[in-house]
Every structure is written in structure tokens, then in C-alpha cells.
Amino acid sequence: MGEHHTVASFDEDLGAISKLISDMGDLARSMVAGSTRALLNSDNALAQRVVSDDAIMDARQRELDDRAITLIAKRQPMANDLRAVVGSIRMAGDLERIGDLAKNIAKRVGTVGLSVTPRDLSHSIDGMAQLVLIQVQGVIEEYAAADAAALAKLRNDDERIDVKYTSVFRELLTYMMEDPRNITACTHLLFCAKNLERIGDHVTNIAENAYYVLTGQQLPANRPKLDETAMSAPA
Amino acid sequence: MNIMTEQSLENAVGDKMNAKSNEVIKMRGDKVGVFYGEKQALFDVNLDVRLNQVTALIGPSGCGKSTFLRCLNRMNDTIDSARVTGKITLDQEDIYDKSIDVVELRARVGMVFQKPNPFPKSIYENVAYGPRIHGLAKRKADMDQIVESSLKKAAIWNEVKDRLHEPGTGLSGGQQQRLCIARAIAVSPEVILMDEPCSALDPIATARVEELIDELRQNYTIVIVTHSMQQAARVSQRTAMFHLGYLVEEGATDKMFTNPDDKRTQDYITGRFG
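Chains A and B supply the protein sequences, listed in that same order.
First residue of the first sequence: 1, per the numbering used here; consecutive thereafter.
First residue of the second sequence: 1001, per the numbering used here; consecutive thereafter.
Any given hint could turn out to be false.
Unchecked claim - Derived BS3-like pairs (lysine-lysine); straight-line CA-CA distance at most 27 Å:
(1) K1263(B) x K74(A)
(2) K107(A) x K194(A)
(3) K1263(B) x K1031(B)
(4) K153(A) x K1255(B)
(5) K19(A) x K1087(B)
(6) K1153(B) x K74(A)
(7) K1138(B) x K1115(B)
(8) K1087(B) x K1039(B)
By construction, these hints were calculated from the structure, which means they are not laboratory data.
Go ahead and model the full structure; you've got the sequences and the hints to work with.
Okay, structure coming up:
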């Protein structure tokens, strides 16, 4: 009895999948950090790097899918192993989407940068990006640390991003009304904010999955939610 | 509108009865212990076998699962040094009571073994043997009927109907095992015990037997010992995990294989044991 499988290569196969999740997590974190920094600093070179990182993210996800499917076919994992493998497939999907969204933000950097000084228009996006980054970083760390309670809390913290998104929306709307020349830049920034908000949602999914992998229990379907944007912003 | 109401009422009653039948305890082990001479092989096992459900007994070799299975129809009586303590009931009746006729008990609680073991007789005689010694058929026509329906229930009729008088040992392994299941069914048992019924079969024959187990569940209560975790997960509704002579954990199969409570169960089913 112990932590190791009788068949050592089973451990290696599971280890490889877990390493890929952790690599994808690190990559997602650096892509989100890079894309927001590129946006706020109009840093085109950095934006380019984020865009090219997305190809690496996609390749990792394909590798993880292959490995997970092969492992299921070869080993027929049970109980916690089964949850880990299926959970990894799902988490990889969310991480890959986070990469896509970061890439979307990065691709707008050139366009926003050309119009007006985006820094002045994006105070609240800065704050929102920080929150998102904390969430992305947190979910990776807590899963690595196998801390189910922290993951449950982190999932509920997504609420703060949603609230922040509402305030960004209102702020950008104000700038656009003040001066129509801001409309192009603000529209781009609005999409960026939406992308950040979606990243938060994927973090929530990852937290839910990770919680299930660790405990075998599903978190309740509905987390407390204040939908402030419903009345004033598009979904 | 009235018909609808009556129908839905009927459904509701039906559902309730189904739910209830899931709760009926067909056999119950109460603090069952088994000694082989001085050596104790099974300790204080409390386990319920539910009506019309498949209960799988799993655990590493020597854990006591076959020993427990063999207690359920007193097969351990055939081993001189074996001694059983505690209580086992069938429909709340103590099967180790002096008044119990063991031959009759084994007709009510049938058994299928690991290796198919047809008698060196014809296919027909293999199935007819039990009903004959129990006097279940008065005329040849009745016996023919029992043989046919048993072979049909064991999903082997179409393969053997034209050669009923050929030797049972001439069948393939998978067919022999289904013949043995037909033989067990022929005496109309209430419970069927299966001790690794597929371990000597190829995957296709295994799939047939598993499909059969699922069908038999409608009319019989089944207890199966298996070393294949996937098989236990596929065929059973309840799973009991044994280790070193103790019952470690018993519960709904779906839960046992996705999120077991006991670490030993988890280690065993995920392949981390020993």
C-alpha cells in the first residue's frame, strides 16, 4: 500500500500529465501578465511574444489530450486517478482558452496604441488585470498545493472581477461620451476587459475541476452572484 | 384526464415498489468469521446482499472474498477443517441452523465456478441433472421445457439447440461457462453465486456472460467475486472490498470506483497495492 502504483510506468504517465498541466498553467500566467502589460505600456514586442506563445499552449494541450487518452486506454484508471486524468483534460481546455483570450488582448495592442494614450483610459483595466492575474496565479498554486478549501474560496472570488468589469464598462462609456475620438480606443479596451472577465470565468472552471479532482465532490452549481452588468452592459 | 391520473398513480406506486425492492435484504452476513483449522481467514464480516442486485466482492488474493462467498451456500462445509462463526440468513432464516437441508439450500443459492466444469455428459443431461435429483419435473416434456428455458436464460440456446445430446465438454470455454450458468438456473435458485466466472474466458465470451448477468439480475440476486475491477464496475450495483479477512468498505458501485471512502479501497482499485 502506498503512494506509488505497482506498475511504475503508470506513475510516470500520470506524472507527465500533471507536469503538462503545471507547464500550461505557468504559460497561461505569463501570457495573461504579458498581454496586460503590453496593453498598458503599448509594448508591441511583448504583445508579439504573447501571440507566438499561444502556439506553444495549443501544442501542449494536444500533447496532453494524446497522453490522457492513451493512459485511459492502457491503464483504465480508477477513483482518484480517473478524476485526475479526466480533470486534466478539462483543465487543459480552460487553460488553452485562457491562452486564446490573452492572445486576443495582445493582438489589440497595436490598434489601441495607435490612437490615443491608452494609459489614461485604462486605469480601471489595470486594476481588473491585477485581480485576474492573482486569480490565475492562485488557481495554479492551490491546485499544485492540493488545497481544496482555498480553491473553493478562489472560485467565489471571481465575483470581484465581475464587479470590476462593471466599473470598467461604465468608465469607458463615460470616456466615449465625453469625447467621440476615444470611441475606437475605448471599444478595443472594452473587448480587452471582456476578455479579462472571460479569463476569470475559465479560472473559476479550473477551480471547480481541481476541487472535484482533489475531493471527489462537486462544488454547488450556483455560486453567489451579483449581476450588475445585466442592466447596463452587453453579456 | 382521469386515465392520466390513474396511470401516473400506478407509475408512482410502481416506482415506490421498485425503490422498495432495492432495499430488500435477500441475504445478510452478521459478524461472519471463518477458521481453517487454527487460522482465521475471515473476521466479523457484516454484509447485506440486496434482492435483484449484483453485489461484487473485490480485494487482493487471500483477502477472504471467496471464503465469504462460499459461506453463502455452505460450500465451506465440504472442507473438514473449516469452521464458520456468526450468522448468515437467507430471507431472514439462519442457513446454518440444524433444520436446514444443505442440498435444498444449495438449490436456492446456486453457484458458478471459476473454471467451467460441465459434467462429462450431454448438454441436455448437464442441465437436467439438478432438476431431476430435486424432482422438479414429472414427465419428459416438463424436463424438456426446463432444459430449454434454462439454456435460453443463459443465452446459449441458439448455439446448442441442434446438438443437445452431444457432450457438454465439447463446447468452447465461454459456451461451457454459460452451460454451467444454465445448469445453476435449472433448479430455479433465488441467489446465484459466481466465483470469478469469466477469469478463464476470452473478452467476447466475457462480454456475453456480463450481458447475461445483467439480464439475470431481473429475476435473481447475484453475488460475484471478480479480480477484474472493470468487470466489478460494469456488472454490479453494490461493491464490497475485502482485505486481510476484513470487510473494508461496502457501498454503491458508482461511488466505490470514483470516490471510495477507504484508503485501502482506493489503493487497491487504482493499482497501488503491495
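Evaluated hints:
1. A C-alpha spacing of about 24 Å is found between K1263(B) and K74(A), which places the hinted pair at or below 27 Å, so the restraint holds.
2. Taking the CA atoms of K107(A) and K194(A), the gap is near 14 Å; set against the 27 Å cutoff, the hint holds.
3. A distance of roughly 23 Å separates the Cα atoms of K1263(B) and K1031(B); the hinted pair therefore holds under the 27 Å criterion.
4. As the CA atoms of K153(A) and K1255(B) are separated by approximately 26 Å, the hinted pair is consistent with the 27 Å bound.
5. Proximity of K19(A) to K1087(B) is assessed by CA-CA distance (about 52 Å); at most 27 Å being required, the pair is judged violated.
6. For the hint pairing K1153(B) with K74(A), the CA-to-CA distance comes to about 34 Å; that exceeds 27 Å, so the pair is violated.
7. Of the supplied pair hints, the one linking K1138(B) and K1115(B) is violated, its CA atoms being roughly 32 Å apart against a limit of 27 Å.
8. With a C-alpha separation of about 19 Å, the suggested pairing of K1087(B) with K1039(B) holds against the 27 Å cut-off.
Hints 5, 6 and 7, counting from the list given before, are not met by this structure.
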